[in-house]
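Enquirer: What follows is each chain in one-letter form.
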Amino acid sequence: MKIQIKNGRLIDPKNGIDAQQDIYIAAGDIVGIGNAPADFHANRVIDATGLVVCPGLVDLSARLREPGFEYMATLESEMRAAAAGGVTSLSCPPDTDPPLDEPGLVEMLKFRAKSMPGPRVYPVGALTWKLKGERITEMAELHEAGCVAFSQADTPILDTLVLMRAMEYAATFGFPVWLRPRDAHLVKDGVAHDGAVAARLGLPPIPVASETVALATIVLLMKATGARVHVCRLSSAEAIAMVRQAKSDGLPISCDINVHHLHLTELDVADFNPNCHLYPPFRSQRDRDAIRAAVADGTIDAICSDHAPVDDDAKELPFQEAEPGATGLELLLPLTLRWAKEQRCGLGQAVDLITRRPAELLGIEAGQLGVGAPADLCLFDPEAWWQVTRKSLHSLGKNSPFLGMELQGQVRYTIIDGHVDFERNHNNA
Amino acid sequence: MSPNIQLNEDGSLRHLLSLDGLPARILTQILDTADGFLSVTEQEVKKVPLLRGKAIFNLFFEPSTRTRTTFEIAAKRLSADVVNLNISASSQSKGETLLDTVANLSAMHADMFIVRHSSAGAAHLIARNVADHIRVMNAGDGRHAHPTQGLLDMFTIRHFKGGFHNLRIAIVGDILHSRVARSQINALTTLGCPELRVVAPKTLLPHDVEGMGVHVHHRLEDGIKDVDVVMMLRLQNERMQGALLPSPQEYFKYWGLTPDKLKLAKPDAIVMHPGPMNRGVEIDSDVADGKQSVILPQVTYGIAVRMAVMSILAGN
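Quick mapping for you: the protein sequence lines, in order, are chains W and E.
With this note's numbering as the guide, the letters of the first sequence map in order to residues 7 to 435.
With this note's numbering as the guide, the letters of the second sequence map in order to residues -7 to 308.
Derived by calculation from the structure, the hints in this document are not laboratory data.
None of these values were measured; they are calculated from a predicted model.
Check before you lean on any hint, since a few could be wrong.
[Claimed, not checked] Simulated coverage check for chain E against chain W, where a stretch passes if three residues somewhere in it have a Cβ under 8 Å from a Cβ of chain W:
| hint | segment |
| --- | --- |
| 1 | 89 to 96 |
| 2 | 148 to 158 |
| 3 | 206 to 215 |
| 4 | 264 to 271 |
[Said to hold, decoys possible] Derived SDA-like pairs (lysine to any residue); straight-line CA-CA distance at most 25 Å:
| hint | chain 1 | residue 1 | chain 2 | residue 2 |
| --- | --- | --- | --- | --- |
| 5 | E | K194 | W | R292 |
| 6 | W | K397 | E | L91 |
| 7 | W | K12 | W | Q374 |
| 8 | W | K136 | W | E147 |
| 9 | E | K194 | W | A202 |
| 10 | W | K404 | E | L91 |
| 11 | W | K194 | E | R120 |
| 12 | W | K138 | W | A202 |
[What the hints assert, rightly or not] Which chain E residues stay away from chain W? Per the calculated CB distances, all over 10 Å, these:
| hint | residue |
| --- | --- |
| 13 | R6 |
| 14 | I18 |
| 15 | N76 |
| 16 | S80 |
| 17 | A123 |
| 18 | H136 |
| 19 | A137 |
| 20 | R171 |
| 21 | L183 |
| 22 | G203 |
| 23 | N229 |
| 24 | A306 |
No residue lacks a Cβ here, since even glycine has one placed at the ideal position from N, Cα and C.
Bound-form chain E, shown alone:
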């Protein structure tokens, strides 16, 4: 295996591509830095000049408004210049290769690329092929990783639960296709969560998922029993009916999180969701809007966490 492409020789963070292989010290550094930025986002003037003069390119090869916007806001609060490129609609359809696109944008003096792509490993490919001074942040690659989402989830858990060492956590839903789940699993195992469960029908679980350090449950009732944190995943529309699942109704009946089922978790358990939610498919509205839900704080923390990663990458 090649040396860890995400780290500089001195062990500091160079690119953020995946939470797999990042030491706890770096994850904690990001969360601590994000703590500091949280106050910035609450000030009246929500801007610090840390990245003034830096050019950050949002390279979205896969359509997204929400995620792109959160990166954009984070960059602007750090005073960076942000360029948004929706590439699925331009160069790729003209036959330009991924690396050609990146080379062209590098020639425009980019300092950082934020990349979302439908293929696993796309951000790795770009990171391996950019000039030394350019930093790459993965904003989601295929089913592989969505590290900033994983980090903001860690920030949320730490904020509400104080740490990871005594927690029982369940991730519920479409693990197979979820880059969010993979990043959550990598982060939680690194940060020392003693009991991590995944809950899904067999059709939505990768084979050998146990190798990632999780316990597998197929019944929601077993999976969320006595947990401190329930992390729900989004179920894509196209997967609700077909060979993976028979119908959204059956999915909701057996794996949807309702107030009754949530009672099986610890009384002070928090409920998370990366958004956008399918109310009535994976989560009941009464849970999503209930007092145990921390879904909206997650979004707020997402900005602070992305600011933290950008400032750390730019500083290294």
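Pulled out of the complex, with its shape left as it was, chain W reads as follows:
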């Protein structure tokens, strides 16, 4: 299949391109930019007038719910949702059932994902057996099976000695460790930011200290072990300041945020909307503003969807009983664009945060459009408005705080490995 994409606005932060240029694809690779290679005869020409042509999105955290949680969503449905969201590579956390703690499970997941259209899947292996925080996993074997990093997903390790050993063992091989800073005792039964709204609604609170205390432990153990750590889903201004300091101290630390935290605050919880029950919780406006600024200044390395499709039965409950999480794969792009617009950042910077930079954190060659690179692309209309509805979402998870709202920026084509895996025409949005 040879594809020519013409008249689009090409944005490729890695190669410093933001210009109208055509792009030529053959045999799964990009074979030409600007000028067609000799003897190129396209089987298909896509007219990208008015569209941005950028590297396919790279999502650092998307739950595909297989194995074990097929009643919430399936691999097929969420791979389709990813493609509809312009995502061409994603990593999935190990919080499946059973967790991704054995090479066979990882191989099976990769095999299943490869057998269907949709993004490239990069599993994150469990750091400890069954995520129990007691026994470290066969990280080297898991790496050979395809794990790009190791994490505990949302389940913190209670025993600090096990955490230190796990970081040491990972550091032996240079594997990155992905950790959510979460002190289990300080979170306890908490469900909402420990602030004015939780006080008013009587929701069990989650103090900022649950994040900063755990983060302080991680940073000190990085110094002790030499482990490379990616800190997942920061939520507070204090934690961001700590990461900024650790970076300036020269530690090999990186971090990301959930795209929802760019926009929402504790106030969005005020009518007990279970779709606003996420972990970490939406915090104060001061925290939200610090997150937005830290994304702009580069302290935060990447934005992810933290996609967590949840079935209605697990969401239509009183706030504190509802399963946390929001569907995100199809909102990653428009919510990032909205941040860029409000923060007065360019499209190039927005695209960078959801393509090149997460790809670099994963250590994969995606996230760029150089000649010879795999043809993973996202073509989107930056001006188009669309409404988030149960019907417009491809994910089986309809749990979005943005349900009913209009967002700007809509994916028109998603090309993965040189194939058009998703397309949406203008009239039939």
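For chain W, the structure is supplied; the task is to place chain E on it using the hints.
Expert: Quick look at chain E alone, frame taken from chain W:
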């Protein structure tokens, strides 16, 4: 934020879920209506036919005898048919979801649900999912709200003090876990109480509680100095010893209301408690049974206030 789910489009009361966000006009309407019902409760035939033919379901997802009984009495005095359901013991243990339970009961032609649940926001969830004609009354949801208790406390204060505009009021005890305190605070700030204090150790106060419009005191002696009303809260047994408090003895010594400490309040100050009391933990028996105590009148007024809310909801 969604429009106020508690109000109809014409501004009348549709559901009673929380006192947060209800205008003073509605709180006053309820208190005035309750005044009228107080005489009913004192008649020999304690019944009026206002809700004849209406089916009121007491949905108690959390065990309670006292509160459920007061709602039951109120409904029966209005001639309604009352069905009591202790759901923690039936459907929920069979795996039925909250909304399934409500849908099933709605199919039995309920007109009103009175809901108590251990999770904040449960009554809101039900109110958002019931048919248009069904009314929902919150009888306590987690730590969030207990609006009829808040209203009967307002009724009591107004009865003994004549109003709210010149009062200094202290709420003493476990504010953090108390839905009663939250409803009291919402009502008192709405009704114009000029100085509202909360008194507790830091472990029993939510962070940012000042945002609700209260002054924070940690010492009981400071907190009740010169107040007109002392509202005590119940301390749950499981919170008396552990990481929140060291022992009931120490709590009583520093935050328990004794006759000596009560002397710091105004001489005509009234003492309230939502019940059930822990004598010798949060309150001394001499205070609980003393002449400044209005704890038993509170219970009597509770029936009238609940009748008032039911009749207003049914009429709207």
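Enquirer: All hints are to be evaluated individually against the structure, with a verdict given for each.
Expert: Status of each hint after checking the structure:
| no. | hint | verdict |
| --- | --- | --- |
| 1 | 89 to 96 | holds (count 3) |
| 2 | 148 to 158 | violated (count 0) |
| 3 | 206 to 215 | violated (count 0) |
| 4 | 264 to 271 | violated (count 0) |
| 5 | E:K194 / W:R292 | holds, 24 Å |
| 6 | W:K397 / E:L91 | holds, 23 Å |
| 7 | W:K12 / W:Q374 | holds, 18 Å |
| 8 | W:K136 / W:E147 | holds, 16 Å |
| 9 | E:K194 / W:A202 | holds, 16 Å |
| 10 | W:K404 / E:L91 | holds, 18 Å |
| 11 | W:K194 / E:R120 | violated, 29 Å |
| 12 | W:K138 / W:A202 | violated, 34 Å |
| 13 | R6 | holds, 15 Å |
| 14 | I18 | holds, 19 Å |
| 15 | N76 | holds, 21 Å |
| 16 | S80 | holds, 14 Å |
| 17 | A123 | holds, 16 Å |
| 18 | H136 | violated, 4 Å |
| 19 | A137 | violated, 7 Å |
| 20 | R171 | violated, 6 Å |
| 21 | L183 | holds, 17 Å |
| 22 | G203 | violated, 4 Å |
| 23 | N229 | holds, 18 Å |
| 24 | A306 | holds, 25 Å |
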